[in-house]
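I would like the entire structure built from these sequences, with the hints used as guidance.
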Amino acid sequence: MIDPESLDTGNFIVVREASKDIIRELADEILSNSGMAESCELAAKWKDALEMEGLFSDADEICRKIQSAGCRKNIFTIRQWIKNEDRIIPQDKEDLKYIAIATEDAVLAEKLDEVYEAGKNVQRAHIRAGQALSERLKQQVAEKLTASGIDPYNIWDPITLYIEGIGNVKILKVIDKGSIICVDALNVNRIIEES
1 MIDPESLDTG NFIVVREASK DIIRELADEI LSNSGMAESC ELAAKWKDAL EMEGLFSDAD
61 EICRKIQSAG CRKNIFTIRQ WIKNEDRIIP QDKEDLKYIA IATEDAVLAE KLDEVYEAGK
121 NVQRAHIRAG QALSERLKQQ VAEKLTASGI DPYNIWDPIT LYIEGIGNVK ILKVIDKGSI
181 ICVDALNVNR IIEES
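FYI, the UniProt record's numbering numbers position 17 of the sequence shown as 17, with every residue one higher than the one before it.
I should point out that these hints are in silico values taken from the structure, not numbers from a laboratory.
None of the values given here were measured: they were computed from a predicted structure.
Hints may contain errors.
Derived lysine-lysine pairs resembling DSSO-like cross-links, with alpha carbons at most 30 Å apart [unchecked claim]:
id, residue 1, residue 2
1, K93, K83
2, K93, K138
3, K144, K120
4, K173, K138
5, K73, K138
Between beta-carbon pairs, the in silico distance windows are [as the list claims (entries may be wrong)]:
id, residue 1, residue 2, range
6, E61, T9, 46 to 54 Å
7, E135, G10, 29 to 37 Å
8, W156, N33, 37 to 45 Å
9, D60, Q123, 51 to 59 Å
Cβ coordinates follow ideal geometry from the N, Cα and C atoms, glycine included.
What follows is the structure, encoded as structure tokens:
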């Protein structure tokens, strides 16, 4: 992953247009091949506890309960735990304890270490999957551009390619770095057409 500030004119950006979560699928495959297929389910125990609590309390109440249990994280962080479906595991194992106390989830309280370790295994699998996907994209995009006779130095408009096993990708070339703009969190990692 590249920090947006480090992009320069002439750099290329490849954006997947597929709606399915390829990284999650690859990570699941990595975990399965490593004999850790149950890690995803175990790692989700803390999320399950929050979802169950969400049936009885709103997000603000859950945040207050977690902070009352001893958690020192700010409300924004705790809300992300509740609302962000992509969050695999809180950064600190101790936060799982506070979630278990706040939600009164005995299973989570009993399996804190196992849940945390499973979450870390899932995170590592996602990182490996992302790296493997990036390598596959680099190789296949280069091959497709060469086979199509496209000169990468003369790309000015987005190019859409179909990559086997990945789907459509859009290749963009940075031609100018304008001013920084703020976008809604829902639009992060998406192409926004200028109007």
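Going down the list of hints, with the structure as the test:
no. : hint                     : in the structure
1   : K93 <-> K83              : holds (19 Å)
2   : K93 <-> K138             : violated (36 Å)
3   : K144 <-> K120            : violated (36 Å)
4   : K173 <-> K138            : holds (14 Å)
5   : K73 <-> K138             : violated (38 Å)
6   : E61 <-> T9: 46 to 54 Å   : holds (49 Å)
7   : E135 <-> G10: 29 to 37 Å : violated (22 Å)
8   : W156 <-> N33: 37 to 45 Å : holds (42 Å)
9   : D60 <-> Q123: 51 to 59 Å : violated (28 Å)
In this structure, the earlier hints numbered 2, 3, 5, 7, 9 are contradicted, and the remaining ones agree with it.
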